[in-house]
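Asker: What follows is each chain in one-letter form.
Protein chains: 2
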Amino acid sequence: MAELTTLSGDPFDRTAFESLLKRRLFYTESFEIYRTSGNLTGDSRGLYDYGPPGCALQSNIVDLWRKHFVLQEDMLELDCTILTPEEVFKTSGHVDKFEDWMCKDSKKGDFLRADHLIETVLEARLKGDKAARGLAVEVEKSDGTTKKRKGPKVNDIKAMKLDDAQVKEYEEILAKIDNYDGPELGALIEKYDIRNPDGNSPVLPPVPFNLMFKTTLGPSSASPGYLRPETAQGQFLNFKKLLEYNQNSMPFASASIGKSFRNEISPRSGLLRVREFLMAEIEHFVDPEGGKKHPKFGLVKDLQLSFLNRSTQLAGKTDLQTTSLADAVARGMVDNETLGYFLGRIYLFLLRIGVDKNKVRFRQHMANEMAHYATDCWDAELQTTYGWIECVGCADRSAYDLTVHSKKTAEPLVVREPRREPLKVEEWQIDINKAKLGPTFKKNAKAVETALTALSQAERESSAAALEKEGVISITVPNLPEKTEVSEDLISIVKRTRVENVREYIPNVIEPSFGIGRIFYSLLEHVYWHRPNDPARGVLSLPITVAPTKVLIVPLSTHPDFAPLTLAISETLRAQGISCRSDDSSASIGKRYARNDELGIPLGITVDFDSVKDGTITLRERDSTKQVRASQEDIFSAIKSLIDGRETWEDVFKRLPEFLGQSGDE
Amino acid sequence: MAELTTLSGDPFDRTAFESLLKRRLFYTESFEIYRTSGNLTGDSRGLYDYGPPGCALQSNIVDLWRKHFVLQEDMLELDCTILTPEEVFKTSGHVDKFEDWMCKDSKKGDFLRADHLIETVLEARLKGDKAARGLAVEVEKSDGTTKKRKGPKVNDIKAMKLDDAQVKEYEEILAKIDNYDGPELGALIEKYDIRNPDGNSPVLPPVPFNLMFKTTLGPSSASPGYLRPETAQGQFLNFKKLLEYNQNSMPFASASIGKSFRNEISPRSGLLRVREFLMAEIEHFVDPEGGKKHPKFGLVKDLQLSFLNRSTQLAGKTDLQTTSLADAVARGMVDNETLGYFLGRIYLFLLRIGVDKNKVRFRQHMANEMAHYATDCWDAELQTTYGWIECVGCADRSAYDLTVHSKKTAEPLVVREPRREPLKVEEWQIDINKAKLGPTFKKNAKAVETALTALSQAERESSAAALEKEGVISITVPNLPEKTEVSEDLISIVKRTRVENVREYIPNVIEPSFGIGRIFYSLLEHVYWHRPNDPARGVLSLPITVAPTKVLIVPLSTHPDFAPLTLAISETLRAQGISCRSDDSSASIGKRYARNDELGIPLGITVDFDSVKDGTITLRERDSTKQVRASQEDIFSAIKSLIDGRETWEDVFKRLPEFLGQSGDE
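These protein sequence lines are chains A and B, in that order. Using UniProt numbering, read the first sequence as starting at 1 and increasing by one per residue. Using UniProt numbering, read the second sequence as starting at 1 and increasing by one per residue.
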């Protein structure tokens, strides 16, 4: 993989980046004072708190998501509970199948996720081979960042020559690592003698580990429950009410934003693999007939996306194909318009919050990789220093969930709609003479009737012939030991035409599912850069819509004359719902701008001696560091118009006079 | 209690009200299709899902909360994890003390909450007494609503005369029912022979039941964890980082909005006592010295609130005192300005979202009622058909939490600030001659040194005297069996003046804590009424800021000419971020308005034949049902101005021409 660069083309320095995020409290490990003081003996990894700027950024992303999807597409938002009784997840398949494969270190007892173990070991061997061949390899530093190194000084890498066939084998395994099931992973571990890199002990064969957190509801211990691993089930259980709320009109979508939980075997990569996370999920219910067209597909069809499809990966490759959504659907790579429409909307959403369009790809899942409920799935992946990260999944869950819940509860989770043309069905019908059947079979009469009605069309046809020929048929009735004979005085079987005026179907579900924490982290990597030749001056170029704080207010100095104006500006902005931050510390104005660039604050107001005299203030733009000067009224209205998206900075810069003094950015 | 009335003065009909909320999907029982089909065998009560209008109302309340508190008061918002390792809640006291008292039915095995049991039984007896005296009593109908009834036809009430002293005793017990601990509740149960009303069996003595949900973190079973019962602990654990983020300036507040969980023994009263709920909590950190003044107290001091203080309740009464916050603080009923300031801000927030100001009171907790961490607590209670409901708690947690976490982790959770005047402290200091102490006590030297340094000022003073007189002192060293003698060649104890330039203190915490679900339900009761003489036409008079949907669009009929304009209006509004709903069903326009009044939609646009001709549309206001007519541009700008709060309906009605035709509301 080519080395990642920042927006300004500099190599990406993850150490500097993550130190900025933690220093400025975008996020922090949960219970850190307990961890660092040695008070946490158990496994409480994979849990993070968001501090003020992180929390604001997260809530702005969620807000924009709600506008982009729920409001703009008129979706039905729900807020369902996290706690869920066991019965629901038994039906949905999560109790039996929501698992990862886990190996236990035979000596130390550590638990390792099987696919990650194989990946780590094979990647290390490939590096060893490169080192042995004298090629440059990526080495990981203690902080988790990587650098290309060559030669004998490459740390931690055992030079070890592999033959060419082996290299090819390893690379192919890695390309489809997500596609192996447990026994296959076990076979790979045995075949390639894969051991725990920490201590080199052999590991036991992979066993399934259920990823749901379990608890008990109520004071008795008889009611097991789980924390939901996705918000979807609550939406499915409410399907009937939602359809009613939507005045029985199809298609429609429900949506939910909320926390979900997965008990990861070994959390890693900071915010990217955690045990508690914020999700935003859409369940779009669509008629499975008619090719799943979407009326608004035309709005996204010309978007050019980068695709990595299933067959490319199974061939052990990772080449991207860039093409329009129209073409992808026409060629059948993306199955249908509805799926294509959502891939387009997902892409537009990601760009809208500030994701770098050169760091987005859409990857199709391989067969074994898909969740148990999915028939097809595309992930929107964002490129980061941790590799390509799955941030949005877009799965076709077919009619799986509605069917299983409907079966379990006997509640028809279906759409009924009048047919334009009544449907005529030729079929064999059974007429039962109940007045005679009862006395004939007595207590078994009901069971016989049920067995008769259960006969298939083919069975009915042959039974009709038998009845005509022999005057009697013999059928199997559950719980009765022998075949039961039913004679022609009890039933007749005739072919008739039935007219169906109503069509009944179980909708299919297309599910775009967003991992907000992963998007949050990847986005921050995408917008991070530093001022030319000054790696210490980091900037987060977040779009104004999602920036945690919109306006920084800096008085020129700590002179007491500035305080009333600074306060008045801040109150005016707050009253308009615009978040702002005053920095009136004694640091130089340049330093204060620099440290607030780290928070991604897009606009800065300076209060100086002229402000006190004539009321004018300056407005600085974060990325260009350019400034304009005008009356407070003009500056406030420019700020409002920038936030509402009515003007760009270029517009404002053209229409208000530039200010060249005291920029502090030199 | 006087019978509750709606905004329009009609008696409150809870059956009609709750049926409206469920029918229009404000909320619904979770997993309802599992429950009704008999698939839930365990105890999964107390869990509710919010449907589209409920979800929007909830998120609008949260949004306003964020503006009213976080933005306007410049609070530091955090988003901390729900999953928390056991160690944290051991320290905070929740593992040992976060309990309710529970009785088990000796025959049926049901679990009952002890205080609720006593309440139910004594209230029933008081009713029986009234019935025996021939007075009117409140009777509960099968749907949970109450009506006043008199005479022999009073259902379910056993007329049973009590003597006057008994009536007084029961009434006093009920007034302070929240103040009894477990053994006291047990004594009451025995004294008054209180049994399970369902079956009349005796109950076993109350035992404590911990209300936290337990789970396990990670794949091994060695890491117990809990779902947080409040968001507060995450905020306390991050105190040090927050103080730093706030540039070490005090006072400041953090805030969190998120789900919390309490495993209620017997959930009841719909949304009011549930097991999973949304909370919004503020932790305001304040210097305990200087009387906890608040610089903005002046902004709220003249607000008149209704108070029910501790001493009134302990006297067995419930009379309210209405007075200004200034007076309440001056008289010491409310302990300090900071507490008073937050009571005022809470009150303003409640009014802002639409709570009826005649149905709010502030009740002080009695001593035993307070959570283990609180030294004082006032609840904002809202009056509903279920009685007065605690919706916001405002507790003074003193320095409790920061102190215990600091002790446990050895992390100083303190504020250090330079003293204006250095503080001079006269104190006895111990000088230890370490060069001699080591060889003298060998392996015990460290322990002896620790014991010496631990001596209090009083002990040092007497030791100094002893040392002077006898040349030796004898001290107790932990883990050494006998007294240890330390002679004057090893130590000297002298009085010196120490100068302290820095003051160090643990802040106190004032915690306003909002139960969003309870506020949500109570608010809906407050804004519910029906059109005169038409109980079937319910209206929810939600303020426009929190209303789930802002605008209803109704074409006059299903005529196809209306469709393009209806769609265009809806797209224009959505593009401006204004939520709207089109109702183009074939029902009469009056019926369509009526059913959308049930959703609390404040504004309605009608598209009629004139609209198609000249582009004008009408705008209807929900509460008055009055309409104006103007160009689309004027109507859109009026809508925007109403939503932003720049104009009231009265303003708009005055400036735009009234429309009198086709109102559909007659």
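Since the hints were derived computationally from the structure, they do not count as laboratory data. Just to be clear, a hint being listed does not mean it is correct.
The list treats identical chains as interchangeable, and a pair is accepted whether it falls inside one copy or across any two copies.
As a list, the in silico DSS-like pairs of lysine-lysine whose alpha-carbon atoms are at most 27 Å apart [claimed, not checked]:
1) K640 with K240
2) K407 with K22
3) K22 with K408
4) K22 with K259
5) K214 with K104
6) K158 with K176
7) K640 with K67
8) K67 with K22
9) K130 with K158
10) K240 with K22
11) K317 with K168
12) K158 with K469
13) K591 with K241
14) K240 with K446
15) K241 with K22
16) K317 with K434
17) K469 with K90
18) K240 with K591
19) K67 with K434
20) K161 with K359
21) K296 with K130
22) K214 with K97
Asker: Evaluate each hint against the coordinates.
Answerer: Here's how the hints hold up against the structure:
no.	hint	result
1	K640 with K240	neither (43 Å within a copy, 35 Å between copies)
2	K407 with K22	between (49 Å within a copy, 25 Å between copies)
3	K22 with K408	between (48 Å within a copy, 24 Å between copies)
4	K22 with K259	both (22 Å within a copy, 25 Å between copies)
5	K214 with K104	both (21 Å within a copy, 25 Å between copies)
6	K158 with K176	within (25 Å within a copy, 74 Å between copies)
7	K640 with K67	both (18 Å within a copy, 17 Å between copies)
8	K67 with K22	between (29 Å within a copy, 26 Å between copies)
9	K130 with K158	within (10 Å within a copy, 90 Å between copies)
10	K240 with K22	between (45 Å within a copy, 13 Å between copies)
11	K317 with K168	within (11 Å within a copy, 84 Å between copies)
12	K158 with K469	neither (82 Å within a copy, 73 Å between copies)
13	K591 with K241	between (57 Å within a copy, 21 Å between copies)
14	K240 with K446	neither (31 Å within a copy, 73 Å between copies)
15	K241 with K22	between (44 Å within a copy, 10 Å between copies)
16	K317 with K434	neither (66 Å within a copy, 71 Å between copies)
17	K469 with K90	neither (48 Å within a copy, 81 Å between copies)
18	K240 with K591	between (58 Å within a copy, 24 Å between copies)
19	K67 with K434	neither (60 Å within a copy, 70 Å between copies)
20	K161 with K359	neither (34 Å within a copy, 80 Å between copies)
21	K296 with K130	neither (50 Å within a copy, 67 Å between copies)
22	K214 with K97	both (15 Å within a copy, 23 Å between copies)
Checked against the numbered hints given earlier, the structure breaks hints 1, 12, 14, 16, 17, 19, 20, 21 and satisfies all the rest.
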